[in-house]
Amino acid sequence: MIFRTPLEGIEHPEMEADVVIVGGGPAGMACALRLSQLIDAHNAARPETQLSKENIYVLEKGREIGQHCLSGALLDPRSMNELLPEWQKEAPIEAEVLRDSVYYLTKKGAFKAPVTPPPMQDHGNFVISINRFAKWLGSKVEAAGITIFSGFAGSELLFEDERVAGVRTDDKGVDRTNQPKANFEPGYDLKSKVTILAEGSRGSLTKQLTERLGLTRDRNPMTYGVGVKELWEVPAGRIQPGEVIYTMGYPLTTKEYGGAWIYGGRDNTVSLGFVTGLDYPDPRTDPQHVLQSFKQHPLAAKLLEGGKIVRYGAKTMPYGGWWSMPPLGGEGWMIVGDSAGFLNSQRLKGIHLAIKSGMLAAETAFEALISGDSSARQLGRFQRKVDASWIKQELYPVRNFHQGFEHGFLGGMLNAGLLMATGGHGLRNRYPAHPGYERMMPIWDVMGQPGGRDQLLGWAKGDGKLTFDKLTDLYYSGTRHEEDQPSHLIIQDTDLCGNRCTREYGNPCQFFCPANVYEMEEVPEEPGKKRLHLNPSNCVHCKTCDIMDPYQIITWVPPEGGGGPNYDGM
Amino acid sequence: MAETILVLAEQREGKLNRVSFETLTGAQFLGKQTGWTVEAAVIGSNIAQIAAEVAKTAVAKVYALESPALAQYTPDGFVAALKKFIEGNKPKLVLLPHTYQVRDFAPKLAAALGAVLVSDAVGYKYEGGKLLFTRQMFQGKFAADVSLAGDGPWFASFQTGAFRGDQVESGSDGAAAPVEQVDASTGEIRTRPEAPFREAKQAVDLSQAEIIVSVGRGIKEQKNIEIAKALADALGGEIAASRPICDAGWLPMERQVGSSGQTVSPKLYLALGISGAIQHLVGMKGSRNIIAINKDAEAPIFEIADVAVVGNLFEIVPALTEEVKKVKG
Chain A
1 MIFRTPLEGI
11 EHPEMEADVV
21 IVGGGPAGMA
31 CALRLSQLID
41 AHNAARPETQ
51 LSKENIYVLE
61 KGREIGQHCL
71 SGALLDPRSM
81 NELLPEWQKE
91 APIEAEVLRD
101 SVYYLTKKGA
111 FKAPVTPPPM
121 QDHGNFVISI
131 NRFAKWLGSK
141 VEAAGITIFS
151 GFAGSELLFE
161 DERVAGVRTD
171 DKGVDRTNQP
181 KANFEPGYDL
191 KSKVTILAEG
201 SRGSLTKQLT
211 ERLGLTRDRN
221 PMTYGVGVKE
231 LWEVPAGRIQ
241 PGEVIYTMGY
251 PLTTKEYGGA
261 WIYGGRDNTV
271 SLGFVTGLDY
281 PDPRTDPQHV
291 LQSFKQHPLA
301 AKLLEGGKIV
311 RYGAKTMPYG
321 GWWSMPPLGG
331 EGWMIVGDSA
341 GFLNSQRLKG
351 IHLAIKSGML
361 AAETAFEALI
371 SGDSSARQLG
381 RFQRKVDASW
391 IKQELYPVRN
401 FHQGFEHGFL
411 GGMLNAGLLM
421 ATGGHGLRNR
431 YPAHPGYERM
441 MPIWDVMGQP
451 GGRDQLLGWA
461 KGDGKLTFDK
471 LTDLYYSGTR
481 HEEDQPSHLI
491 IQDTDLCGNR
501 CTREYGNPCQ
511 FFCPANVYEM
521 EEVPEEPGKK
531 RLHLNPSNCV
541 HCKTCDIMDP
551 YQIITWVPPE
561 GGGGPNYDGM
Chain B
571 MAETILVLAE
581 QREGKLNRVS
591 FETLTGAQFL
601 GKQTGWTVEA
611 AVIGSNIAQI
621 AAEVAKTAVA
631 KVYALESPAL
641 AQYTPDGFVA
651 ALKKFIEGNK
661 PKLVLLPHTY
671 QVRDFAPKLA
681 AALGAVLVSD
691 AVGYKYEGGK
701 LLFTRQMFQG
711 KFAADVSLAG
721 DGPWFASFQT
731 GAFRGDQVES
741 GSDGAAAPVE
751 QVDASTGEIR
761 TRPEAPFREA
771 KQAVDLSQAE
781 IIVSVGRGIK
791 EQKNIEIAKA
801 LADALGGEIA
811 ASRPICDAGW
821 LPMERQVGSS
831 GQTVSPKLYL
841 ALGISGAIQH
851 LVGMKGSRNI
861 IAINKDAEAP
871 IFEIADVAVV
881 GNLFEIVPAL
891 TEEVKKVKG
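Protein chains in written order, with my numbering: chain A, 1 to 570; chain B, 571 to 899.
Hint data in this document are derived by calculation from the structure and do not stem from the laboratory.
There could be a bad hint or two in this list.
Computed footprint of chain A on chain B, listed as stretches where at least three residues anywhere in the stretch have a Cβ under 8 Å from a Cβ of chain A [stated by the list, open to error]:
| id | segment |
| --- | --- |
| 1 | 703-709 |
| 2 | 823-834 |
| 3 | 840-850 |
As a list, the in silico BS3-like pairs of lysine-lysine whose alpha-carbon atoms are at most 25 Å apart [said to hold, decoys possible]:
| id | chain 1 | residue 1 | chain 2 | residue 2 |
| --- | --- | --- | --- | --- |
| 4 | B | K654 | A | K461 |
| 5 | A | K392 | A | K108 |
| 6 | A | K181 | B | K711 |
| 7 | A | K529 | B | K678 |
| 8 | B | K711 | A | K135 |
| 9 | A | K89 | A | K308 |
| 10 | B | K790 | A | K461 |
| 11 | B | K865 | A | K529 |
| 12 | A | K112 | A | K255 |
| 13 | A | K135 | A | K89 |
| 14 | B | K602 | B | K585 |
| 15 | B | K711 | A | K172 |
| 16 | B | K711 | A | K193 |
| 17 | A | K465 | B | K855 |
| 18 | A | K529 | B | K662 |
| 19 | A | K302 | A | K112 |
| 20 | B | K711 | B | K799 |
| 21 | B | K695 | B | K654 |
| 22 | A | K465 | A | K107 |
| 23 | A | K172 | A | K191 |
For each residue, glycine too, the CB sits at the ideal point set by N, CA and C.
Kindly generate the complete structure, drawing on both the sequences and the hints.
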């Protein structure tokens, strides 16, 4: 696997750790909090064998906790009720879900489903800002005495043979030619007994681990969608806090998978976004454009008119389901949350599963600390805990849900019906799946197909009021990076971009990237020829490029910690 | 035999670096706790005055390591002289201020003596006869106590601000410590230093400029920037650019206007071939007058421009430059 070129001759200071959690999202925070609870309980019950929390660390690449968290978001409270029974009293909640509805959209029309299908019923759930929620969880973790290193990314895993022996944090102060600058500070080697990967969707250390240990063996490939979101402030009275709307159909056609959400929050804020499945056939499909076209549909346009955008962002979500999940624990490591694919693709919810998975991993790590055993034998018990928990009860029945949509929307809906009738079994227990990028069709093949998809293809123009071009949207993501640093997008062969890819797929990177990182620029010396130009400092850390590139030659590695989007309120 | 702490005071071009007093303060505290003698050294040429200044503080002795060859700082010369001196003098601990110069030669010096160096310490602890230095980790989120292995000499440098220079103790009754001249002649110095490099302060302060001529992608090639520069010169203004131009290295970063660059509000802002992405607009929308030249009539820059010129900048700008020159005579 290609990875960042390490600086040569650099010594990395070492630090011993009991547990290192990589990533300060809901999974990582729940994991840290549960671990702290278990240690507190142990220390109270057995004062003679005190356990310390001093050597438990959380790494977070964002400048602060929550900065890189993006979701709709609806929270199923089940796992929070277990983690902190009193959570509702103090957690930042936008609203309790008031009512929910599902629409099927045509270009101008909207057909409301007479009854909200059971998986999409959200009574008892909560509209939250995952950014605020994670930040609040982070304050609980710090109050519990666990150290969070925000602004530090997990840059690579440290191996001892096939055992994960810890994490190296990112080098600070390296210039764009990969030379140390005056403020250079080498990354730290955190030598950890237990390393827990809670990096979110398509984690880069998770990818390193997966490739090194072949964790995808005997699994379905993970499939993903990218959610592009805008937060708006609208005139009073347009939507009630706690109102939830889902849509299917327009602007997508039957060839793409996806849909929109609209959630009413506090103070006349609206969270709206569109998830586009990263398995679309037309390489010119642009998920940011899809959201812009959705906003022009009367259903959304009426809601937003006279309002203003507050924030923008994008993030991928793993919805391959049960058969796509990697083994969850091994020698020195565990994987939790979105990194492992803890997400219910039918309900499009994963936060509650991420939290629960973090809690179960914490219980496993706690046992490892007590027994002094962090081998695969011990950490593999995490898998058994998941199997015995309500996580499996929730995910197993929908194990074949997403696969049904591989052949289009109608087939997917038929399959969904069949699965409900057969307890998830369908025609066979395990439906196969294909990685989404394999479904991308060559540019010449799609150009011969019937039209009617202009609303998805190419860059959105934007009118500056209701709709925006990508750069304008990007501005609202608050993204900032140190400009003088090496590119964090490692591309194996950029020659391929201006040659083979231009011919075969017309450079889909310029469209699927929701942040204008990938640009094809003219080569002045050769008229008509283009080459790749990267704007890494635009990156919103969504990982779409790593997932959707048809040649799979892009590897996303974390840029210098502290950089990235600013998802305040998202 | 009592152990000694040697503080290496820093001088540059005949001036004592005040941060040396901070290190002296730290050494005095440490000396009181350990009972070790505090001595100081100054190195260079014509340093009698500096040695005398250091001698006013409460130290047992000041060594003036003099040699004409050390008039100019070279890592080679300093390390050779100090190595010889420290080998003969055998201090237990050498303390230095963590300056750029120290960063440059101290690792080499420590390595030459086979000694350990704890750099950039923010303090020390002396517990049960054991000396620990505190260093920051994870950008100050963590403090690590570092112990020293081996018999010494040990080296440690203190971060600026670790101790207060104004707390340095003067010699009793104003008496100065004896200054001992040390012949610090060295062998041949291999390093041939250039004149000291000072990083240019931001050479331009765009925020003060009254006229700014700014170029964007429409300029197409690096060499075309000269066309814009000619106009800026004719107008007596500064040249600036949008991000892609600076990203490509065609103009230095300090001339970038926009959300990741500078915010400007000149009397006149000429935008040449700049489309006007919001990232750029936020950096210049406060300009009193905005003239935009762009071949794309739909370019968003025109929405905030006072004068919008749809056309080819390669034709318009040279002609404009000529006219400006004519008017200005």
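Here is how each hint holds up against the structure:
1. Counting residues of the segment 703-709 of chain B whose C-beta sits closer than 8 Å to any C-beta of chain A gives 3, which meets the bar of three, so the coverage hint holds.
2. For the segment 823-834 of chain B, the assignment as covered by chain A holds, since 3 residues bring a beta-carbon within under 8 Å of that chain's beta-carbons and 3 suffice.
3. Counting residues of the segment 840-850 of chain B whose C-beta lies closer than 8 Å to any C-beta of chain A gives 3; at least three are required, and the coverage claim holds.
4. For the proposed pair K654 (chain B) and K461 (chain A), the alpha carbon gap of about 72 Å is over 25 Å, so the pair is violated.
5. Of the pairs offered as hints, the one joining K392 (chain A) and K108 (chain A) is violated, with about 40 Å between alpha carbons and a cut-off of 25 Å exceeded.
6. Of the supplied pair hints, the one linking K181 (chain A) and K711 (chain B) holds, its CA atoms being roughly 21 Å apart against a limit of 25 Å.
7. For the hint pairing K529 (chain A) with K678 (chain B), the CA-to-CA distance comes to about 51 Å; that exceeds 25 Å, so the pair is violated.
8. Restraint check for K711 (chain B) and K135 (chain A): the C-alpha separation of about 18 Å stays at or below 25 Å, so the hint holds.
9. With a C-alpha separation of about 31 Å, the suggested pair K89 (chain A) and K308 (chain A) falls outside the 25 Å cut-off, and the hint is violated.
10. Straight-line distance between C-alpha atoms of K790 (chain B) and K461 (chain A) comes to about 23 Å, which keeps the hinted pair within the 25 Å bound.
11. Only pairs whose Cα atoms come within 25 Å are accepted, and K865 (chain B) paired with K529 (chain A) is accepted, the gap being roughly 22 Å.
12. Restraint check for K112 (chain A) and K255 (chain A): the C-alpha separation of about 22 Å stays at or below 25 Å, so the hint holds.
13. Distance check on the hinted pair: K135 (chain A) and K89 (chain A) sit about 16 Å apart at the alpha-carbon level, within 25 Å; holds.
14. The hinted pair formed by K602 (chain B) and K585 (chain B) fails the criterion: a straight-line CA distance of about 28 Å is larger than 25 Å.
15. The suggested pairing of K711 (chain B) with K172 (chain A) holds, with an alpha-carbon distance near 15 Å, which does not exceed 25 Å.
16. A distance of roughly 22 Å separates the Cα atoms of K711 (chain B) and K193 (chain A); the hinted pair therefore holds under the 25 Å criterion.
17. At roughly 18 Å between alpha-carbon atoms, K465 (chain A) and K855 (chain B) fall within 25 Å of each other, so this suggested pair holds.
18. For the hint linking K529 (chain A) to K662 (chain B), the alpha-carbon distance of about 67 Å lies beyond 25 Å, and the restraint is violated.
19. The hinted pair formed by K302 (chain A) and K112 (chain A) meets the criterion: a straight-line CA distance of about 16 Å does not exceed 25 Å.
20. A threshold of 25 Å between alpha carbons decides the hint, and for K711 (chain B) with K799 (chain B) the separation of about 46 Å lies outside it, so the pair is violated.
21. Taking the CA atoms of K695 (chain B) and K654 (chain B), the gap is near 29 Å; set against the 25 Å cutoff, the hint is violated.
22. Proximity of K465 (chain A) to K107 (chain A) is assessed by CA-CA distance (about 20 Å); at most 25 Å being required, the pair is judged to hold.
23. Pair hint K172 (chain A) plus K191 (chain A) holds up; C-alpha atoms about 19 Å apart against a cutoff of 25 Å.
The structure does not agree with the numbered hints 4, 5, 7, 9, 14, 18, 20, 21 stated previously, though it agrees with the rest.
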